[in-house]
Every structure is written in structure tokens, then in C-alpha cells.
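Participant: Here is how the chains run, residue by residue.
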Amino acid sequence: MASSCPEEKDNQPSPACSCQEAPAAGLKPDFPVLSGDTAVCCGGQPAEPCSPYEKPGLRLWGFVEDFMDTPAGPVPRVRTHLIRADRLGTVFARVGIGRDSYRIAPGLHSVGAPDSESPVMVTANYKLSFDALRCSLSGISAWILVVDTHRRLILPQLSATGVVARQVKTMCGFEVVWGPVHARHLKAFLDGGMKATPAMRKVTFSFRERVELIPVELNHMGKPTLYLLPALFLLSGLGQGFFSVSAAVSRGVSALLAYLLAVATGAVIAPALLPWLPGRAFALKGAGLGAAAGALLSALFAGQLARSEMLALTLFIMAVSSYLAMNFTGSTPFTSPTGVEKEMRKAIPAQAAGALTAVILWVSTGFMGG
Amino acid sequence: MDNFRYLPGVSTLEYEENLCVGCGSCEIVCPHGVFTMNAKKARLVDKDGCMECGACALNCPTAAIRVTPGVGCAAYIISGWIHGKENARRIWAARCRLWMDTGYTRPSCTSRAKCSKLRS
Ligand code: SF4
Ligand code: SF4
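Taken in sequence, the protein lines are chains A and B.
Position 101, counted from 1, in the first sequence is what my numbering calls 101; the numbers after and before it change by one each time, with no gaps.
Position 71, counted from 1, in the second sequence is what my numbering calls 1071; the numbers after and before it change by one each time, with no gaps.
If you are wondering where the hints come from, they were derived from the structure by calculation, not from laboratory data.
Where hints are given, some of them may not hold.
[What the hints assert, rightly or not] Only pairs whose alpha carbons sit at most 30 Å apart, straight line, appear in this in silico DSBU-like list of lysine-lysine:
| hint | chain 1 | residue 1 | chain 2 | residue 2 |
| --- | --- | --- | --- | --- |
| 1 | A | Lys346 | B | Lys1047 |
| 2 | A | Lys187 | B | Lys1040 |
| 3 | B | Lys1041 | A | Lys169 |
| 4 | B | Lys1041 | A | Lys195 |
| 5 | B | Lys1085 | B | Lys1047 |
| 6 | A | Lys223 | B | Lys1085 |
| 7 | A | Lys195 | B | Lys1085 |
| 8 | B | Lys1047 | A | Lys195 |
| 9 | B | Lys1047 | A | Lys342 |
| 10 | A | Lys342 | A | Lys223 |
| 11 | A | Lys169 | A | Lys187 |
| 12 | A | Lys346 | B | Lys1085 |
| 13 | A | Lys342 | B | Lys1085 |
| 14 | B | Lys1040 | A | Lys346 |
[Unchecked claim] Which stretches of chain A does chain B cover? Using the computed rule of at least three CB atoms under 8 Å from a CB of chain B, they are:
| hint | region |
| --- | --- |
| 15 | 153-161 |
| 16 | 201-208 |
| 17 | 270-281 |
| 18 | 331-341 |
[To be verified] Calculated Cβ distances over 10 Å to all of chain A for the following chain B residues:
| hint | residue |
| --- | --- |
| 19 | Glu1014 |
| 20 | Ala1039 |
| 21 | Lys1040 |
| 22 | Lys1041 |
| 23 | Arg1043 |
| 24 | Leu1044 |
| 25 | Arg1090 |
Yeah, the Cβ is synthetic: ideal placement off N, Cα and C, and Gly gets one too.
Extracted from the complex, chain A is given alone in its bound form (with noise of 0.2 Å):
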């Protein structure tokens, strides 16, 4: 943690915050600055009192002036104004020297008397990034997360719909790592050092994940059912007696029936098998199978069904199965929404013109054999 930190020790009184570069005159040769490295506190300097905080091994950065105590154990509160090491070390980074290695340890460090809702400003772990920022707080109660700039966050390739790398990088100093689109290919990724292979970018909709949805396609179907079932043997019974409880039981079932082979056309077998269905829009695959499994309730019912009782039924078949494979759009990880539209704005009209077409046929049915 941030008490860790690689500390220098610095007994100078401090000057009123100048947040500037100039350079300091006067400077002791022997000035420790640079260096992050571990020195043995008060060894060799007797005169001067070991600050309560220092550990052995480790010597308190300047900018320190105590710790605070949190449930988090204790958080180094820093300066809001530069001391002369701080400016020293500026100089030398600015020609240079050990500018690469002028980096403080990362961690939470505090400024003022931050409590559990004070904000928390994040810096790089830079030193000059990180004395800017206190600089710039003087009177302010905040936290300051001082991260590794050379951390790398891996993504899930996925969110790159909403996460800009270069923004993250700018905004916190972490660098993005965009990882494979599957979890279960990280182990591989890292492995080949953060190199995902081409199949690793790529989605992937197999049969298994297809077949995953399927609960969630008829999770859907709950309420409009609830309409749509009573709807169905209302009009199965209207005929020329005005209602018939009988008709509307048995050509109900029949329309039941229909309504069944429709959700698992449109909603069951069509996603699962989506890539072998004839067509590119899904109305179509859907309505493709809708007329198929009308065939099937036609050549069932042969005996039982008017010709235009079977028409009226695999053209509803077909209606209600383009309209659901339809909606199986928004769970495929391929479909753009400009193709969608277009694909709805051909299908609905179709589907509506279909399911009024067997309504009619099928209610004119009921007024002309009743």
C-alpha cells in the first residue's frame, strides 16, 4: 500500500507553494532526490530526529507530512506546495536524469482531511504528474489513487462500443488492452503475449449459444399469448349463428394448434437452425418454416379442415413465425440495425396483410360451413 512508499526524508522548512520550475539555488550536492530506492533511515545523519513515521529500509518522501489513519490502514497526506526536493528533482528530470525512474509508489495518497465522501482525483504515478496535481489542491480535502502508468487494463474486446482506448490512457494513465471477445480464451491471449488470434476477435453464434436463447424468445411470448389465446377462440366460433360454443371449441383447438407450430417455428427452430434456413432476413427464414409447418397441420387435418380453413391457418402460421424470427434479430450478434430496419419495414406490412387474410378466411369459413 501507499505506506510503502519509497520515502525521502527532507527537514527543510517549507516555502509558501510556487508550483514553479525554478530551479533552486543553493542546493546541497548531496540532496536525495531521484532515487526510489530503498536507504536506510537516519543512517549516518544522527543529527537530525527520526520522524515518527520512517521504517527501516525505507526513507519518507518530502512531500509526505503524516499519515492519516483509515480503516484502509494509514494514507500518506501530502504537501500542496513544493519543496526545495521536489523542485530539485523537477530540474533533473527536466535534463534527464532518472527521469525515468522519478516515479512514486502507487497507492492512495490524501490531501487536507479527506473523509469517505470526498472526491478521489487518480494521477499517474509519475512524480511531476503527481506534484502538479497537489499543487493545484491546496485547500481542498480529497483523495489522490496514484496508479502504475505502466499498468495495462485488458478489456473484454466487446466494450469497444463504448470505451475509447486512447481516452482512458489520457484520462487515467492506464493503457488498454483490448483482450479476446471470449473469457475462455484469455488464458491463450496471455499466453501468447496479449496477442489474441483472428478467430479470438471474432463473435461467435454457434449451435449451443443459439439454443441458449431460446428460453429467452419464449420468456417473451407470456403476455401477448394471454391475448392472443381467448382472441383465437372467439373467432373460431363466430359463424352464421352468430357464436357457437362447439365451433369455437373444435375449430379453437385446431387454431390453437396452429398458433403452437407458429411459436416453435418462429421461436425454436428458427434460431436454432438459423444458418441452414433459405434467405438472408429472418422474416423470411421464419416465414419459410411457417409455411412448412402449415403443410404439416394441412396434411394432418385433411379430413377435418375446409381448403380454406388449411390456407387461413398456414398463412397465420407464417405471419406470427416471420414476426418472431424477426425478433430474433436483436439476439444475434451479427444483424446491423440499418439491415434490420430495412427487413421490417418489407416484413411487417406483409405479416399484417397475412394474418388479417387468414383472419378473414378463416372467420368467412366459420359464416359459410356453420
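The hints should help you fit chain B with the ligands onto chain A, whose structure is shown.
Facilitator: Chain B with the ligands alone, transformed into the frame defined by chain A:
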């Protein structure tokens, strides 16, 4: 994914090769291999494979790529027709945590299945 092809010639993806600085981001973030790097330039090799997720355009440092991003989801599009696009976005965002996390700008999910699981 090669046996999954959606409607051809619809994607709003546009690419201006002379703006490309060859950073390679687009090739990495695209889940459909739409771009490949070739001699320090991205090449648009499979425009019809594009699902308009927007990842490439968002992460291109020079705006060489433009696309109108969104989810290819019929249920969401219908919701947009009924409630208006902005309202639909708000309604759906409230149901989907992934979406909320990205600040209502666009669903970060690539499929409705994910939002459905988060719903309720
Ligand atoms: S929008 Fe998405 S799918 Fe299309 S090219 Fe860009 S990253 Fe690939
Ligand atoms: S993200 Fe933009 S700049 Fe980078 S390779 Fe792709 S097109 Fe070129």
C-alpha cells in the same frame, strides 16, 4: 461467423483511407473482421460483415471511420417507432445495466439477449 451473413449493402460504415494513420485499432476491436491491416493502412475488406456496433469508429484516432451505431434488434426498433427514438433509448436503458453503464449513448451489448438476461 462465415456462415452468418446478413443483408448486403446496408451498413452505414464509411472509411476514408487517406485519413488512416495505421494504428490498427479498428482491426483489433471489430468482432467481424471487417478491417485488416495492410502496409500500415487499414483495408476495408468485408463491409457487408459490419453489424454497425460502432467500436471501430469510436476507437479510430483520426475519424477515418464513420458509422451510425446501434443495435440490430427488431423489438428495440419497434419501440423506437412507438415511443420515439430518444424515449425508447431511455426506456431500454433503464432495463439494461450494460447500457446504463455507457451513459445512454448506445447499448454496449451486442445482442438483446444480454439485456434480456439483465432485465427484471
Ligand atoms: S461498426 Fe463494428 S462491426 Fe462494423 S466495422 Fe466497425 S467494429 Fe466492425
Ligand atoms: S483505427 Fe483509424 S487510424 Fe487506426 S488503423 Fe483503423 S482506420 Fe487507420
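Participant: Hint by hint, say whether it matches the structure.
Facilitator: Outcome of the hint check:
1. A:Lys346 with B:Lys1047: Answer holds: A:Lys346 to B:Lys1047 is near 23 Å, not above 30 Å.
2. A:Lys187 with B:Lys1040: holds, 29 Å
3. B:Lys1041 with A:Lys169: holds, 23 Å
4. B:Lys1041 with A:Lys195: holds, 20 Å
5. B:Lys1085 with B:Lys1047: Status holds; Cα separation ~26 Å.
6. A:Lys223 with B:Lys1085: This hinted pair holds, its Cα atoms lying about 24 Å apart.
7. A:Lys195 with B:Lys1085: violated, 39 Å
8. B:Lys1047 with A:Lys195: It holds: about 24 Å lies between the C-alpha atoms, which stays within 30 Å.
9. B:Lys1047 with A:Lys342: holds, 17 Å
10. A:Lys342 with A:Lys223: holds, 27 Å
11. A:Lys169 with A:Lys187: The given pair, whose Cα atoms are some 24 Å apart, holds under the 30 Å limit.
12. A:Lys346 with B:Lys1085: holds, 20 Å
13. A:Lys342 with B:Lys1085: holds, 16 Å
14. B:Lys1040 with A:Lys346: Roughly 42 Å separates the two Cα atoms, so the pair is violated.
15. 153-161: Answer holds; 5 residues pass the 8 Å Cβ test.
16. 201-208: With 5 residues in contact (Cβ-Cβ under 8 Å with chain B), the coverage given for the region 201-208 of chain A holds.
17. 270-281: Since three or more residues must qualify, the claim that chain B covers the region 270-281 of chain A holds, with 4 doing so at under 8 Å.
18. 331-341: holds (count 11)
19. Glu1014: With a cut-off of 10 Å, B:Glu1014 remains clear of chain A, as the shortest Cβ separation is near 12 Å.
20. Ala1039: Label holds. Min Cβ-Cβ 18 Å, cutoff 10 Å.
21. Lys1040: holds, 18 Å
22. Lys1041: Check passes; 18 Å lies beyond 10 Å.
23. Arg1043: For B:Arg1043, whose nearest Cβ neighbour in chain A is about 14 Å away, the distance exceeds 10 Å, so it holds.
24. Leu1044: The claim holds: B:Leu1044 sits with its nearest Cβ about 15 Å from chain A, beyond 10 Å.
25. Arg1090: holds, 17 Å
Checked against the numbered hints above, the structure breaks hints 7, 14 and satisfies the rest.
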